[in-house]
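Chemist: The primary structure of each chain is shown beneath.
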Amino acid sequence: MDFTYVPSTCPYCGTGCGINLVVKDGKVEGISPWHRNPVNEGKVCIRGNKSFEFVNSAERITTPLIKKDGRFAEASWEDAYKEIAAHLKGAKGDEVGFVASARTCNEDNYVFKNLAVNVVKTANIDYCGRRCNADAVKGLVEAFGQGAMTNSITDISSAKAILVVGSNPLEENPLAGRRVIMAQKNGAKVIVADARTSATAKIADLHIAINPGTEVAFLNGIAAAIIKAGRENKDFIAQKTSNFEKCKAAVAPCTPDAVAKICGISADAVTKAAELFTAAQPASIVTSAGAGSGDLIRACANLSLLTGNIGIAGAGVNLLRGKSNAQGAMDVGCVPQDNGHSVPAMIEAAGAGKIKTLYIMGENIASAGAMVVDALDKVGFLVVQDMFMTATAKRAHVILPSASFAERDGTVTNSERRVQRVRKAVEPVGSSKADWQIICELAKAMGAEKDFAYKNAEEIFNDIAKKVPAYAGITYANLEKPEAIQWPASGGVFGTAVLYADKFATRDGKGAFSAVEYKAGEAVSAEYPFAVAAQWPTGTLSLNTPSIVREFSEAKVSINKADAKTLGIKPGSRVKVSGKTGSSTLAADVTTGIKAGVVSLPLTFAAAAVKLEKTEGA
Amino acid sequence: MTKKGDMLYAWTNDADIQKKAELGGAVTSIWKYALESKAVDAVLVISKGKDLYDAKPTLVKNAAELANTAGSLHCGTLLLPKLIKKYFDGAANMKIGVTVKGCDAMAFYELAKRKQINLDNIVMIGVNCGGSVSPVLARKMIADKYGVDPDKVHKEEIDKGQFIIEYEGGHKGISVDELEEAGYGRRSNCRRCKMKVPRQADLACGNWGVIGPRAGKATFVEVCSEKGANLLDGAVKKGILATEPANPKGLEIRGKVEGAMMKLGDKWRKHDFESLGEGKDRLKKIMAETSRCIKCYSCISACPICYCVDCTTKNPAYVTPGEVPPNFMFHLIRFAHIADSCVNCGQCQELCPAEIPNAMFMHAQQVELEKMFGHVPGLDMELPLMAFVEEKVERARLHNTGSDMIYENVFTPLPKGH
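Chains C and W, in that order, are what the protein sequence lines are.
If you read the first sequence in the working numbering, its first letter stands for residue 1, the second for the next number, and so on.
If you read the second sequence in the working numbering, its first letter stands for residue 1001, the second for the next number, and so on.
By construction, these hints were calculated from the structure, which means they are not laboratory data.
Where hints are given, some of them may not hold.
Pulled from the structure, derived: some chain C residues nowhere near chain W, Cβ distances all over 12 Å [to be verified]:
| # | residue |
| --- | --- |
| 1 | Asn20 |
| 2 | Glu95 |
| 3 | Ile262 |
| 4 | Lys444 |
| 5 | Ala445 |
| 6 | Asp463 |
| 7 | Gly509 |
| 8 | Tyr528 |
Derived CB-CB ranges, DEER-like [what the hints assert, rightly or not]:
| # | chain 1 | residue 1 | chain 2 | residue 2 | range |
| --- | --- | --- | --- | --- | --- |
| 9 | W | Ala1288 | C | Arg231 | 28 to 34 Å |
| 10 | W | Asp1281 | C | Glu458 | 54 to 60 Å |
| 11 | W | Lys1155 | C | Arg231 | 16 to 22 Å |
Don't be surprised by glycine CBs; every beta carbon is placed ideally from N, CA and C.
Can you build the whole structure from these sequences, using the hints too?
Modeler: Below is the structure:
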């Protein structure tokens, strides 16, 4: 009997927890704690604990599939490549789109980008993070110079005050949530702004149930209250920042009373939050942002600059990412090239018949709703590279089976810029292959083998280290230590834990305030009376994990108990949720843990306001 | 002929082992003999993973590979018996030798009582353990308190109340008390531990009490079973191992060290349990801390008492699926099912992402139950309290119904007509 532990990185969220894959006779039989990993010290959430289950799922796609007469037929790799190459070769660059993945490795995304840009000659490349964090990353670049979390997950535990906004780390990024708990145990005050009484809100010292979509008003209100009380860090502002006056003018109208009205909270809550946030240093902001989050992150950045909470451990703007490699996919360049389309623009162009070929790797974009599904159905040729038959894959013309994280080598970059190894523990199921390998072989079939002649993932990584400045100096050899390296590597043996200790990475070396105004979104109305606190629907990995399905068997709409009573909705009732652009039917979760007038649901259509109708159920 | 109860000094005659092993390499040598003589099919030991702080369970089938696994790692906080249950079919079809700390030995017995491990197929060499330090904390401790780059350290040990490191440029020791005062040092369950010499293993080995010319060059071995005696005799006969009777003065010193460690354990128990308060205050405290639970199930995965295929915490009648934090019933179920048999291995606390002092809560209850009913878990094959207290009545009742389902998982059903 062969029995080994293979250290790897959890495939789920952007916290990047270390895990040991337990391999027995060539099969991943379980997950064991990897105490030595500095991110999580052996601790995991339910996803990490059960992350071996989907690897062994019977639902894995094990062979290339080509659709003929509306049905998938098993095909050889050679035929699949031939089919794709034939389409891509004749295609005009601007009629092709490439969607990279936030859950495949850096190496995969790097060669994917090169295939798109250098071989297919299209500028239309983007990654799925566009739907959630890409705007926030842009906001961080503008404010500080680097598009990433300013601090480390570990150092959140040394904060003395923590403001959590647009995030529920205890459930979404639990091992980052642990750092909030640790800080609190050391005396930090935790402020949580969320319409839901989330697990994180439940541990808060101050929970403020702001209306969904009003985060910017709330943050501006805190900034205004700090300035009014004269508690801004004047030295820091004078020496290290620019544009303060612009920001000051922009937040001036955000008085506690004005903010209270917008956010549906008491005026007192705003001043109280401002007091707690400035009561002690370092103060940290934790956020996960979300769609259209550029303004939210700029408002967060303003608050950090205002109080001098940047460039020191325990402070900063800590953007927690939803997927294991959301940071890395962008780092290695999977973003629209000159005038290329972003993912939403590609979808729109596909819907309008302007994008005729789409190549999607490791992403189920169909989960974003009916509009995307319609657009996918209009695409003349759709290639999907994935482990599972997702709603997106079902619409493909060719499916290429990907190896799972346990079946290949590579690296992923977590929220805190830590580049960590993924290690091959077992052979890929069926004839599936590592994503980078598939792309290199396809490039070969297209006659571009010269630039894709990689023998292994490490060779690709070495190219990344040459081409991507943030990755300079990183090698597989120096990733062997469990600390790995947080880019930029120049910061020390293990890279840089805290950005901007000396100066900002902006052109003038200063942190840039910005004038961010709260823009009211779609308001609730008589027709659509409920505001939406959205969750992202995903599930490609977790819905193929029986232990998780047992906990969360289906998506639910959470509704306040009083609202439910008015509508005659009981726990488990089927409820039709409709907005201006679509509707879906979900089971009801009746709770006191959400503000009246607000519902929480995984959105399959874009809406900030919805109505609910009971369709059946006791 | 060696027999149960013998106290010996032992050291290796094997040149390869001598080069790498500590304290005379007795443990490694006995395993070598056990593998070569087919007394075991494989040995499960802890070896160095990515570095000195990374403890990794390693299955060794070839005696030649043993030398690479020699040496102790105080930053290893793993518990091996649950791995044997999960990944080795509870040693049902394979004889496995395991080097155990006190908590490992106790966990073996508790899993064996529940028919999850076949102890007939397990050989245990116990090692004295003064406690272990979580690896990431150990590195921080070495950087902060010793002023040494943890990557420059090539050896660490706990000796005479000090945590000692050897590094490029010297060695340095700081008293464990001082470290623990400052929030570093051993895990909290280790501080409360009183199973310092695991005598329920087949052999109990360590460096306490090795004095005179053999100091540092031999291992103290207490023979705890016939299996252990035979193993030792075999190794000596093969010429792999040499032994001599322990110096009586050394024996006395060993007793004193053990006694001092027990006292320290008592001190920490008092400290920890008093901090929990009593009665309603204690309940309140437990409810407040457990209210952060994110239901990762790590405590259950790692617990050596938990073995059910389907955990009661997954019964929707008690705990709503998907609800985070779960209601208090989740924790009540764990207390009710485990407290009488908790061996204070610390895994549920060590692995808790919500920083809940689970092991402290469970251990506090175990100690109370032990006071009331006198049942001590982890020592031998005595049945757990809940089974024991009601067994006769319950068995009679169930027998009359013609079904013995309740205990089917735990104990072999009585033969018909009993």
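Chemist: So, for every hint listed, does it hold in this structure?
Modeler: Quick rundown of the hints versus the structure:
1. Asn20: violated (8 Å)
2. Glu95: Per Cβ check, C/Glu95 is outside 12 Å of chain W; nearest 44 Å; holds.
3. Ile262: holds (29 Å)
4. Lys444: Holds, since 36 Å exceeds 12 Å.
5. Ala445: holds (39 Å)
6. Asp463: holds (26 Å)
7. Gly509: The claim holds: C/Gly509 sits with its nearest Cβ about 31 Å from chain W, beyond 12 Å.
8. Tyr528: Non-interface label on C/Tyr528 holds, nearest chain W Cβ at 27 Å vs cutoff 12 Å.
9. W/Ala1288 to C/Arg231: 28 to 34 Å: Check passed, 32 Å falls within 28 to 34 Å.
10. W/Asp1281 to C/Glu458: 54 to 60 Å: Roughly 57 Å apart at Cβ, these two residues keep to the hinted range, so it holds.
11. W/Lys1155 to C/Arg231: 16 to 22 Å: violated (51 Å)
Of the numbered hints given earlier, the model fails hints 1 and 11; all others are met.
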